[in-house]
Each structure stands twice: as C-alpha cells, then as structure tokens.
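Start from the sequences and build out the full structure, keeping to the hints where you can.
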Amino acid sequence: MPHDHHDHQHGPSPSGHPYRADNDGPLTYWQRMEIAVRELLVEKGHMTAAEISAQIDAMDERSPARGAAVVARAWSDPDFRAQLLEDASAAVRGFGLDIGPLNLIAVENTDRVHNLVVCTLCSCYPRDLLGLPPDWYKTRAYRSRAVFEPRKVLREFGVELPADTTVRVHDSTADMRYVVVPARPPGTEGMTEEALARLVTRDAMIGTGLAKRP
Amino acid sequence: MSDTDGRRWHDMGGQPAGPVVPEDHDFALWEKRVDALMVLCGRKGLFNVHGLRRALEDMGEDAFETMSYYERWIAATNQNLIETGVYTIAELAERMDEIATRGPSYGEAQTGAKDG
Amino acid sequence: MANRVRVKALAAPGHVRAPFYLRGRTGVIERELGVFGNPEQLAYGLPAEEKPLYRVRFTMAEIWGAAAERQDDTLDAEIYGHWLEKV
Chain A
1 MPHDHHDHQH GPSPSGHPYR ADNDGPLTYW QRMEIAVREL LVEKGHMTAA
51 EISAQIDAMD ERSPARGAAV VARAWSDPDF RAQLLEDASA AVRGFGLDIG
101 PLNLIAVENT DRVHNLVVCT LCSCYPRDLL GLPPDWYKTR AYRSRAVFEP
151 RKVLREFGVE LPADTTVRVH DSTADMRYVV VPARPPGTEG MTEEALARLV
201 TRDAMIGTGL AKRP
Chain B
1001 MSDTDGRRWH DMGGQPAGPV VPEDHDFALW EKRVDALMVL CGRKGLFNVH
1051 GLRRALEDMG EDAFETMSYY ERWIAATNQN LIETGVYTIA ELAERMDEIA
1101 TRGPSYGEAQ TGAKDG
Chain C
2001 MANRVRVKAL AAPGHVRAPF YLRGRTGVIE RELGVFGNPE QLAYGLPAEE
2051 KPLYRVRFTM AEIWGAAAER QDDTLDAEIY GHWLEKV
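Chains as they are written, first to last, in my numbering: chain A, 1 to 214; chain B, 1001 to 1116; chain C, 2001 to 2087.
Treat each hint with caution, since some may be false.
Claimed, not checked - Restraint ranges, calculated between C-beta atoms of paired labels, are given here: (1) Arg151/A / Val1021/B: 15 to 21 angstroms; (2) Arg2057/C / Ala1093/B: 45 to 51 angstroms; (3) Arg2057/C / Gly1006/B: 23 to 29 angstroms; (4) Asp1097/B / Ala2066/C: 56 to 62 angstroms.
Unchecked claim - Straight-line Cα separation of at most 27 angstroms, BS3-like style, residue types lysine-lysine; simulated pairs: (5) Lys2008/C / Lys2086/C; (6) Lys1044/B / Lys44/A; (7) Lys1032/B / Lys44/A.
Keep in mind the hints are simulated off the structure, nothing from the lab.
A virtual CB, placed ideally from N, CA and C, is assigned to each residue, including glycine.
Right, dumping it as structure tokens:
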C-alpha cells in the first residue's frame, strides 16, 4: 500500500465541526516532536503502542452523552439526585461509569440559582466524565471574563437569566472538577430517562447553556 | 528598571478580554496522541499534570498566543520528559531530524505507515 | 480553620493555584475537601507534602467591589490551607 489510510480523514465530521487538516498537511515541527516523543517512550519500554491506542479509544468514548445520562437519572430519581449532590464521584461510579481518578462535584441549577464552571488558570474540565473540553472553554476570553461578568458571558451564549436568579461561578483552581445539573425543563413530566438525556447538552453541564425544551 | 505586581500571564481571572466566540473543532489524530501520551506518562509516574501546567506557564504568553493547544502540550510534555531524564535532548533532536526525512505529511511520517 | 478566611495577598513567582484575583479577598469556607499533594512541589517533580484543600465562597462584591455585575452573585474556588489566613 502506498500509505496507511487510517491516518487520513475526509468529508464532514460526525459532529459537524471541522476537522483540523493536520494529517495531510505539511508535517510541522510540533508533529515531529509528538512522533519522536511517542517513539522514544515506546522504545524505552515506558508504554506500548497498544496502550496509546487504547487510551485514545477510551477518551473517544467519553462524551457529553455520559454526563447527560447522569443528569437524566438525577431528574428521574430523587435518591440518586441527593447522592449526586452529596458525593458526585461516588454517585457516578455507582451509576456504572468509569471516571478514573476524577474528584467530581455536582452543582444544581434551580429557578433561583444558576451555576457556571470555568478554569481561570488553565483548562481544568471534568474530562473523565464529559470528554475533552471545547475550544472556547480554553480561550482567554472565557477564562478571563467568566469570573468577572458571568451574566454578560451567558448572554453571549444566548442565555438570559431571570432578574431574581443568583449566579454561582465555580473556578476549578485545584483538584475538584465540576458538572452542572441543569434545571429540568417544563413539559418533561413522564418522559423516559433516555428521552430526557437528549435534552441535556454539553453547554448545559458547563452552565453556558440550559437544557433543551422537548 | 522594571517593576511588576507579580501576576503571571496565565492567571487570567478578571482581566479584560473580548467576546467569547463559541468555537470548537474535532481533534486530529496527532492531537489525540499528545493527550494520550500525557495521560499515560502521568499514570506511569514519569511526570504529573502539575509539571505539565508548570511547563505551560513557563513557556510564556507568546506561546499561548501563537501555538495551538496541543502544540503547547507536546512542548510541555517534552520539557518534563527531558527534566525527568526519560531521553536526552540529543536523542530527541536526532529522532525529529530523521522523522523529517520520512515524508512530507504527518501520516507519511509514521513508522510502518508505508507497509500498513 | 476559621469559617471566614482571607486568601493571602502574596505574589508567588512560581506555579501556584491561588488565583491572583482572589488574593487578599475574604470568603467563607463552603466545604472541606480533604488533603491533596501540594502542587507547588509536585509541579517541580519534588516529593509533596499533603495540604488541606478548602472550597471557599466569595461574594462578587467582595472580589470586584462596585464593578461587580451583581453584588450577591458568588464565586467558589478551591484554595489550599497554606494560602488562607483566619479573619
């Protein structure tokens, strides 16, 4: 074969986001560094190529859908909701999800309180639950402004809060990671957990969005 | 003469900044590999996420503005592995030089890619 | 640890996790999180002492004064005990 086509990606991505054209573009200095570091780590016996592939697969499996399933359970099961708010790591593990060493805190949105999560110092995110953070979460704009003018930032995401809602911003400065349990939308009585989970977006679990209406 | 309040560039909370543009992209294979290498290095005790952050901070604001996220991550991962002695600077430089001869694209520069 | 605490107003020249915008600000301990290895040592590949970590809640008025969007909105951050002093 001329070359291995698994390194090539063509066409639109499943999520609708653009792929980076890095695989076929000219080889960059930093890509050469990645290849060199990976090869040296494997050759020196620190890890195997199979372990690297398995880790990529494990991260690919972590997506906002997992968090959405947790939220849907919390909406449906008061005991689970109480446990989630008391000890989110234990509740999520009890729910059957592998979240590695994650120390998770769940914060709940109500008709009086809206929670918003940021990491001003770097890009801390509950990746072991939700997958990798979106690009905007890591930008100077979000990191700088979410702690000073959260309501203005929320408006840039299209979220206008009622006047009597208190905003609680959570800066992930150390060892905890945060997930927002969005408020359950009206008109969802009697819906199955599976149907409820489809209303829970990634942004709703960061706090920059609300759960969708059915 | 110079003076400073001691605030470091990465410590951004409350600083003035422009609007949040809710952009995202799907990660390329090489970016996923950088992420996986960092996670596995941590799991195997070669270095930890605090060392990664320290190296990212020490790379400075210019790196933040001009390099992509995972470009910065591989640079910071390398910095930690050099410090830990996992390989030498010369070993890395020679390997990167050899990789440049393999082919013009990332896909073609993989070992074994040609007989995959 | 007192319920009301102030973040030490230090400007450390290395890797620390106490954000600059909270230094010198007073808040209330929202919960105790247990002990964690000190990132100020871990970041340099050093053996780390275990440090208690607290989740501290500040009002936006305390942090930003009159410039706050809403005085009684809040900001929670995790601060290691050695960065906190009793008020």
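Now the hints, each set against the structure:
1. Arg151/A / Val1021/B: 15 to 21 angstroms: Holds: the Cβ-Cβ distance is about 18 angstroms, inside 15 to 21 angstroms.
2. Arg2057/C / Ala1093/B: 45 to 51 angstroms: 49 angstroms, holds
3. Arg2057/C / Gly1006/B: 23 to 29 angstroms: 25 angstroms, holds
4. Asp1097/B / Ala2066/C: 56 to 62 angstroms: About 58 angstroms separates the Cβ atoms of Asp1097/B and Ala2066/C, which means 56 to 62 angstroms holds.
5. Lys2008/C / Lys2086/C: 10 angstroms, holds
6. Lys1044/B / Lys44/A: 13 angstroms, holds
7. Lys1032/B / Lys44/A: 21 angstroms, holds
In summary, this structure violates none of the numbered hints.
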